[in-house]
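K.L.:
This is what each chain is made of:
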Amino acid sequence: MVHTYLESNNIISSLGLNSMDTLKGMLTGKSGITVCRDRGLSGKDFPVSLIDWEQVEGRSEDLVNPNEYTRFEKIALLSIQDALSRSHIDPAAPGTALILSTTKGNVELLGEPGGFGRDRLSLWRSADLIARYFGVTSRPLVISNACISGVVAMIMAQRMIRSGKFDQVVVLGADVVSRFIVSGFQSFLSLSDQPCRPFDELRDGLTLGEAAATVIISRRPGEVELTEGAITNDANHISGPSRTGEGLLLAIRQTLVGRKDVDLISAHGTATVYNDEMESIAISRAGLETVPVNSLKGYVGHTLGAAGIVESIVNLEAMKQDLLVPTKGYSSPGVSGNINVVEQTGQKQVDTMLKIASGFGGCNAAALFEKRV
Amino acid sequence: MKVIQHIRLEKGSVSINGKVDYTHSDHSVNAFAKSVYKHYGVDYPKFYKMSSLSKLGFLASELLLKDVDLSGTDPEHVSVIIANSSSSLHTDAIYQESIKTKPSPAVFVYTLPNILIGEICIRNGFKGEGIFFIQEEFDMEFILDYAMSQADAAQSAMSLAGWVDVDMDGNYLAEVHLLK
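Residue numbers (the working numbering), protein chains in the order written: chain A, 160 to 532; chain B, 1396 to 1575.
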């Protein structure tokens, strides 16, 4: 069996332009969620987690021909560039693949084309531009599976390496906040008026966020191995999760393959009433009631196609230091499944981490990461 | 795993295993989808609420599965793998228009292409793996190749795999294969 390891990573979020800034921010209790008064995004004020675009523009000056790229493409390029600079990988080497995980890519160009052609709305076009920029010679893959896209993309990368066709895969998750997305979640009444409160009894909706995150997965042995993963469907409802957590439970069981315990669960924890309730039931039914669980949405919001990758990176980097990242926004239990929500930064030996995610379309995914010496 | 049969819907016609089985004079995506729904006696009222992309993919799955006995197949081991070029852009453009007046949650939900996979899973009770890829061009060989290797990785016993695309101008093509 071919083993797959995590080589290097990057996160561009409201907490900074690299993974360590995002992790440090979270460990010191900082949240990137602020009240947005931009009427271009919404007719009323709302809490949201936005990237510091001035800082991105400054950093973009290092890119070749930065003006040829949209802001979505810019954070994608900067994220990969930073992750590559921390690895020994040559993206132009044969055996390298690129996977882009996104829900809406450049969709904001539908409202404001900003001088870019209609072709730029196509997600494959974004992936193509990014792959060309770094000289990746294989055809890039785009995964668009709603909020589980990031976890699916990592599972895909693992399979591509296991197939023997690739040695290393650059996995990028990215989405930016646009009026399109904000109005959609508002129409669903999914957004909270306050920064989101995952698993809390007072939770009443999610907070949107934007991010780009890169993880390079390769067969070269490293500190953390991606060992298993599974993708399932609830077959229940297109916009609501299963009440019994059946689909997520199935994904967890398939991922743990007989293993009874893990040291940490990185939950989806969107802070909508139904998602968190469903996740708690699935975790509890899987017999993982005592395992520490966190949700990071209270720091950087729900970053859609980037979420699964952002949350995996933060928890894996914390795990290397045997640290637990608490669940910002959580104070009293508000779910019926018996779960152990991480409330405070703490020291704990964490050797295994289970990442879970669920999304519209009834989709669920789980992936297992294990520390290697 | 091998291909059992395949369905193709394009330009007002339905082909089953490469043979034209039905044609409709109105080629526009929604009129054609409705006529296919009626012609084949599909009975699933939720169909009318679906986006054009979901309608097209849903119909392809219905025609593929109408004579298939699913009783011996474990729904946890049925996968649905769909690729296209335009993602949900056809619906995205409709939703973008609605923002100016009243954004509609019923339209917004279909601005995620994988909702089509959810629709097929709900209809048939499939609980296995669902993956939506976006690619530049229709490449059935790639999709089938992927479906075969996916079946090994995820232990799928049956797979619906294919291409379902509706572009911003309403041009469409669906070709979905049933693998067992």
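Heads up, some of the hints might be wrong.
Some chain A residues close to chain B (C-beta under 8 Å, calculated; not the full set) [to be verified]: (1) 180; (2) 262; (3) 302; (4) 390; (5) 398.
Everything labelled a hint here was simulated from the structure, so no lab data went into it.
Keep in mind the model is a prediction, meaning the values are calculated, not measured.
Ideal Cβ positions, reconstructed from N, Cα and C, are used throughout, including at glycine.
K.L.:
Each hint needs a verdict: does it hold in this structure or not?
P.N.:
A quick look at each hint next to the structure:
no.: 1; hint: 180; in the structure: violated, 30 Å
no.: 2; hint: 262; in the structure: holds, 6 Å
no.: 3; hint: 302; in the structure: holds, 7 Å
no.: 4; hint: 390; in the structure: holds, 4 Å
no.: 5; hint: 398; in the structure: holds, 5 Å
The earlier numbered hint that this structure contradicts is number 1, and it is the only one.
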